[in-house]
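*Asks:* Residue-level listing of the chains:
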Amino acid sequence: MTFEIILQAIVSGLLVGLIYALIAAGLSLIFGLMEIVNFAHGEHLMLSMFSSFWLWSLFGLDPVVSLPITVLLMALSGVLTHYLLIRYILKAKMLIQICATFGLSIFLRSLAQFFWTPDFRNVDKPLLEGRIEIGEIFIGQPQVFAGLVCLFAFAGLYLFVTRTETGLALQATAQDREAAEILGIPSNRMFALGWAIGLGCVGVAGAMMSNYFFIFTDVGVNFALFAFVAVALGGFGSVIGCLYAGIIIGLVEALGGLLIDPSFKLLYVFAIYLLVVIYRPQGLFGRY
Amino acid sequence: MSLLKVEGLSKAFGGIHANEDISFEIGQGEILGIIGPNGAGKSTLFDLITGYTRPDRGSIRFDGQNIFGLKPDRVSRLGIGRTFQKLKPFTDLTLLENVMIGAFAHEPDIRHARDKALEIIDFVDLIEKRHHFARELSTGQRKRLELARAMATEPRLLLMDEVTGGVDQKTIPGLVALIRKMKDAGVTIATIEHNINIIMEISDHILALDQGQRIAFGKPEDIQNDQRVIDAYLGTVDVA
Amino acid sequence: MASMLKQALREPVWHVNGRIAFALVGLTVFLLLFPLLDPGAFYLHLMILIFMYAVMSQSWNVIAGLSGQISLGHGMFFGIGAYTSSVLYLQYGLTPWIGLLLGMLICGVIAVMIGIPMLRLSGHYFAIATLLIGIGCQVVFQRWEFVGAASGLWMPLTEESSWSALQFHHSKAPYYYVFFGFFIVTYLLVWRLGRSKIGFRLRAVRDDAQAAQSLGINVAKYKIIAYAISAIIMAPMGSLFAQYILIVDPDRMFNIEISILVLLMTVLGGIGTIWGPLIGVAILIPISEYSRIYLGGTGGAVDLIFYGLILMLICIFRPAGLISLFPKHVLERERQR
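Chains as they are written, first to last, in the working numbering: chain X, 957 to 1244; chain Y, -19 to 220; chain H, 26 to 362.
Because the hints were derived from the structure by calculation, they are not lab data. Keep in mind that the hints are not guaranteed to be accurate.
Only pairs whose alpha carbons sit at most 25 angstroms apart, straight line, appear in this in silico SDA-like list of lysine to any residue [unchecked claim]: (1) 109(Y) / 29(H); (2) 246(H) / 67(Y); (3) 31(H) / 67(Y).
For the chain X half of the interface with chain H, some residues (derived, Cβ under 10 angstroms), not all of them [to be verified]: (4) 1039; (5) 1051; (6) 1057; (7) 1063; (8) 1068; (9) 1223; (10) 1225; (11) 1229.
Every residue, glycine too, gets a C-beta built ideally from N, C-alpha and C.
Please model the entire structure based on the sequences and the hints provided.
*Replies:* Listed below in structure tokens is the structure:
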């Protein structure tokens, strides 16, 4: 095994890690805001990939071009999720909250399967194709672009949450919703906004992945599992922790697949989860 | 012979000293009153003693045994009971079931645990509410529930966090009488109180805290005349 | 006051509702005699599935309803139970009865091993871990050659029906009685558990872990006990089901649908009550089996759409489950488990 192959794995692990990070950031934002884990996160990712796919297949829009539409659709579905389901279970026990979003996940996945069949689809001849050569390393153009877009989206999210008035209002609600209410910040609207942004992040990741990934109804399952692990790794509710955590998972997955056996990727990631839970349950980087 | 002896106990959260170098002791059968303005570190002190928060340093000896850093359930099994400022009843269970869970600490048999729980519920004057769910009880009744539940574990030391706070004025005399009754039953008590009249009336010793520091420790009449206590606390107390 | 106490002390610890007790005895007798009425293979099959899922949902109810921890991959104990007895039977000729017991043991040990790191923390960690492990188990068994990898294992048919090999070729009635026996024993044990010191302490842990600690309860230990009991209840159903269909393969035995169904049935019927899981099962199994017949078992995922929808609706409108629709005076007694 040459050095180049390992380097190759590191670069691709890094790029996919950025995608994991953005997906996890959406999850973490929602959790930080209302202590609800979105067990339908993977299905939302699946929906965003299908949104890109149908916009391409029906209207001939390339996923890169339709990115804003997909993000908008996902943000909308976030708002809907909040108003149709989440707001009724805000005060319920954790047990019921988990069951509710788990129910949403089953519902969305099987509904997609019913309408779209479990077939694998992909976007033919996207704008971004081919690969880039750096020395002896080859990286797919769409992967590079996806990684960069996710990184930018992440930076945008971070700036939004920490630097804008609305972002600070979100943080206030996350810290103490009653106190924020007294300051005139309507928590229900903040929650809806949180879902919109959280699923908007997923929309960006999904749209970018639809360039080079197979699109099928179960596609979200593993990504969601990785996102759960990233959130635990980064510290529940910490958005910036997700960036590091996502990259770590991407690297472990790529290197584990290369050095041991690619069919057990899930197990390597689970091993990280186990280690974090045992040694640093408050996460590697953030609060809690 | 002191039952609880705390020395140099300290805990900081971030840069804030929630408790710094706190020392005091409670004698067998006494009532210790703990006073101080909001944020003085009173509840933190209870959390440190009972193991809900791990102290940074200091020593805690209960009946001669070092209990520093033990987990809450160990501390409870050694004989320290507590109530919570933010009440924590088992909401989906009845009053009787709540207290029975306390009684199981020393009484594995269900019938005996039930009988013992009933006697304690009678002791706190809630016997007619025994089959009510905890969530159906008023705040004052829930405070009694917490007391009964803690007493059912047969503690030698009971830490009470604002038992008279936030309840209907009418119920306060009853709660004070109850504390006396517990003392007479042989329980050593430390109680956090905002109501200065009550604390002066029932305590054998008083510990006054401010901003995480001990500002005074002594007999009620000495505390009453302590200038630092008056400055930090008594002077700022509103009539409300 | 003193008289009130005396009166309270004279009350029985548990109320016995005569009518409910009578109904239960009647139901048990009817179920015992049911195969003698010659109901036909389909109805026996339906009842077998009801008994099986009633036990499996009760298993989930022990960890979720009694101790308040959500397992999203509970089907794995079913799969491990199924594989343990089947592999031992096929490779070493060991009777499935012993395999079943070993499966219970293995599942109990695995539950403790997962529980020790995961159950010390807030429930989300545990839920995510169980989801991960549940899916991971399927991945491992799909690729594990020793246990037949993706194609699984076929049990060779014995020449004649045999209790030691747990194969019955002429009638489903023996299977019916085996599943029925496990159903009765499980429900009696869980009923007893709910009324024991452990049961009380588990409910304390579920309602408020910090308060439970202040009463001397080691919270993690009790959660782990509940998880192990729950796993031990689940395992034999896998072993028995493997003998019933005589095939074990990863897609069937580690199907995510198992984990979803046990959760859904319990929540639908009423989580944390002994009869809730049975109510959920008695409603959903017939619906699912009839729809399989009339709509065809084409895996169009229609049933799953329906399951997901019900789960959300129950969480929104009736988080206490359908059992909460019963009149209050019936529940007053039921509630105490």
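*Asks:* For every hint, state whether the structure bears it out.
*Replies:* For each hint, the structure was consulted:
1. Proximity of residue 109(Y) to residue 29(H) is assessed by CA-CA distance (about 11 angstroms); at most 25 angstroms being required, the pair is judged to hold.
2. Proximity of residue 246(H) to residue 67(Y) is assessed by CA-CA distance (about 24 angstroms); at most 25 angstroms being required, the pair is judged to hold.
3. At roughly 29 angstroms between alpha-carbon atoms, residue 31(H) and residue 67(Y) are farther apart than 25 angstroms, so this suggested pair is violated.
4. Because the beta carbon of residue 1039(X) sits about 12 angstroms from the nearest beta carbon in chain H, more than 10 angstroms, this interface hint is broken.
5. Annotation: interface hint on residue 1051(X) holds; nearest CB of chain H at approximately 6 angstroms, less than 10 angstroms.
6. At about 9 angstroms, the closest approach between the beta carbon of residue 1057(X) and any beta carbon in chain H falls short of 10 angstroms, and the interface hint on this residue holds.
7. Contact between residue 1063(X) and chain H, as hinted, is supported at the beta carbon level, the nearest pair being about 3 angstroms apart and thus within 10 angstroms.
8. The beta carbon of residue 1068(X) is positioned within 10 angstroms of a beta carbon in chain H (closest approach about 9 angstroms), and the interface hint is therefore held.
9. Against a cut-off of 10 angstroms between C-beta atoms, the interface hint on residue 1223(X) holds, since the closest Cβ of chain H lies about 6 angstroms away.
10. Because the beta carbon of residue 1225(X) sits about 8 angstroms from the nearest beta carbon in chain H, less than 10 angstroms, this interface hint is met.
11. A least Cβ separation of about 6 angstroms between residue 1229(X) and chain H falls short of the 10 angstroms threshold, and the interface hint therefore holds.
The structure does not agree with the numbered hints 3 and 4 stated previously, though it agrees with the rest.
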